[in-house]
Structures are given as C-alpha cells and as structure tokens.
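Respectively, the protein sequence lines represent chains A and B.
Just so you know, our numbering puts 10 at position 10 of the first sequence, and the rest follows in order with no gaps.
Just so you know, our numbering puts 71 at position 71 of the second sequence, and the rest follows in order with no gaps.
Treat the hints as calculated values from the structure; they're not laboratory data.
Each hint should be verified, as a subset may be incorrect.
[To be verified] Derived contacts from chain B toward chain A, CB cut-off under 8 Å, selection only: (1) V27; (2) A44; (3) Y59; (4) M65; (5) N66; (6) F124; (7) C131; (8) S174.
[To be verified] Computed cross-link-like contacts, DMTMM-like style, restricted to lysine to aspartate or glutamate with a CA-CA straight-line distance of at most 20 Å: (9) K159(B) x E7(B); (10) K108(A) x E23(B); (11) K78(A) x E132(B); (12) K159(B) x D48(A); (13) K78(A) x D191(B); (14) K108(A) x D191(B); (15) K78(A) x E53(B); (16) K108(A) x D167(B).
These numbers were taken from a predicted model, which means no experiment stands behind them.
We put the CB at the ideal spot given by N, CA and C, even for glycine.
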Amino acid sequence: MKHDSTQNLANCSFSRQCIHFLDELDTFYFLPHKGPVISLEQPANFDDSFLLEQLRAHIPTCSICTATLTHARRLSVKQRSMLRRMLAENERMVPSTSERILERVRLKPR
Amino acid sequence: MKAVENESQLIIDACHGSVPAFEALVVLYEPRIRRMLYSMTQDAQLTQDLCQESFLAAYRALHRMNGEELHFAPWLYRIALNQLRSEWRRRKHVTLVPFPTPYGSSDDAFDGASEEYFMADDHFEEAVAECELVRQALSQLPTSSVTCLLLDAEGFTYKEIAETTHDSLSAVRSRLARARHSFQRLYTRLDQEGCL
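This is chain A alone, in the form it adopts within the complex:
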C-alpha cells in the first residue's frame, strides 16, 4: 500500500471531526447512491447529529475538509481490504474447530 500523507494538507478546525465521522458522512450524505461503505445507524446522540449536520453543510464549501475526507476515505477502504485479506488468510491457516465443537455439543446436551 502506497503511503499518501495528509501532512501536506492545511488545517481546518473541522478536519479532525471529518475523519471521526467519515463513515456516517459517507453513509448518510456523500456516498448514499453507491451504498454504504458499512452499515450504520443514525447517531442516537443529539450532539453527534448536530455536528454531522454542521459537517454536511461545511464540507462542500471547504477544500481542506474535502481533501481530508477524500484521503481518509481512500485510506479506510484500503485498510479494510488489507485486513479482510489477512483475515481470510488467517482463516485458512488455522484448521477448523467446528467438528470438535459439534461433537462436544452432541455428547453433552444442555
């Protein structure tokens, strides 16, 4: 995975929040037509909902936050892909225990 640094990006006071709310922002506002990156519920917390609305209004007007969000989105997609490949490989490296579990369950019903 190539490293694309955010260090060159200037700061905006909202940028940190953009990264924290990346998944919610994408799921509810910015990428809904592509389907959610992951499944999310609307935040139950009023402060979070308010902040999300603020970010939704702010981001299209801020090139720094737009770039920050683009970078964070790219990074999280890459990381999830890498982690999923590692998980799949890890699954292959350890023999299944299903049969042992089922045998014990059948031997000792509750």
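On the provided structure of chain A, position chain B as indicated by the hints.
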C-alpha cells in the same frame, strides 16, 4: 451483522435448546471467530482452543438469553474476546509477535474474492508480504485498537462494535479513527524499512 437471512430464527431456536440450530450457527460463525482470534494471538493451537471454548460457553449460556432480543454476533464475539482476555490474564501475556507460518492448511470456508486474489500468480508473493506487514503492524497496536479494526473490517456497525467492546459509540468512533491513523503509520514504516 447477520450472516444469513434466517439467522434470527436460528438464534431463537438455539435459545430454546435446538441443537441443530446451534450447529448451524457454529457453521456460520466458527470461521469468523477463528480468524479473529488468530489475528490477535498468532497461535494456531491457542486459537483452536479459544474458539472451541467460546462456542461451548455460548452454548451453555444461550438458554438464559432471549433469542428475539439477542444480538448474536456482538454477543458471541464478546464471549470470544473475554475468553482471550482470561487466557492472557492466566498466561500473564501472549506475545503478539508475528511469525512465518507454513501455508497449505485447507479450509472450505475460504473467502472467494480473497482466494482469487491470492491464487493469481502475479499477486501471490505481494499478497503474502502484505499479510505479514499487516500482522506486524497489528502486533504493535493496543488490543482495543486491533479489536476495533478487525470488527470494522468484518462489517460490524459502530453500534455492534460498541456492544462487543462495552464502549460508547463516540469512544468507538474515536478509537477507530486513531487506530486507522496508527495502523497506517506503522504499516508505512514497516514497508519502508523492508521488514520482510
């Protein structure tokens, strides 16, 4: 997160004592629990033991649960993580040091897309190297960060991660953002150092 359409009914039946329903849940979830535990221990034997104990603990506890309200995946992962924590306490520590492991053990539950990725000649070495770097990067992160990253990669919602880890939603959000940043920093450093 639900692994199959009729999972809700399986959970209800399993809570009512149906062994076939529980067996179906084992078939669905055992590979996921196994790969998560191995990601955190890098020890195949320990992973198998913990995996088995997690499902048996779940089986023993299921009859006390309300199947219609039970969020099975977070509940089961929480049991597995508790088993792991108990083992760590018992052993004082399990060193999360990645080690080269021979490839070749077979398992039918291998993910199709990943299999395709690994089996293409062009990708194989690159994929193996990438997996090792990912393992090394994870081994240097706090357990709570690793847990969040893995559950997120498994498709858990923030709410489900919070349920699994007994954290608040905002704690999960912050932890995940920090974990992604730290993971990226570590991965890039290891890659640049040519750690393989």
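Hint by hint, here is what the structure shows:
no. : hint              : result
1   : V27               : 6 Å, holds
2   : A44               : 5 Å, holds
3   : Y59               : 6 Å, holds
4   : M65               : 12 Å, violated
5   : N66               : 16 Å, violated
6   : F124              : 11 Å, violated
7   : C131              : 5 Å, holds
8   : S174              : 6 Å, holds
9   : K159(B) x E7(B)   : 19 Å, holds
10  : K108(A) x E23(B)  : 13 Å, holds
11  : K78(A) x E132(B)  : 16 Å, holds
12  : K159(B) x D48(A)  : 14 Å, holds
13  : K78(A) x D191(B)  : 15 Å, holds
14  : K108(A) x D191(B) : 49 Å, violated
15  : K78(A) x E53(B)   : 33 Å, violated
16  : K108(A) x D167(B) : 35 Å, violated
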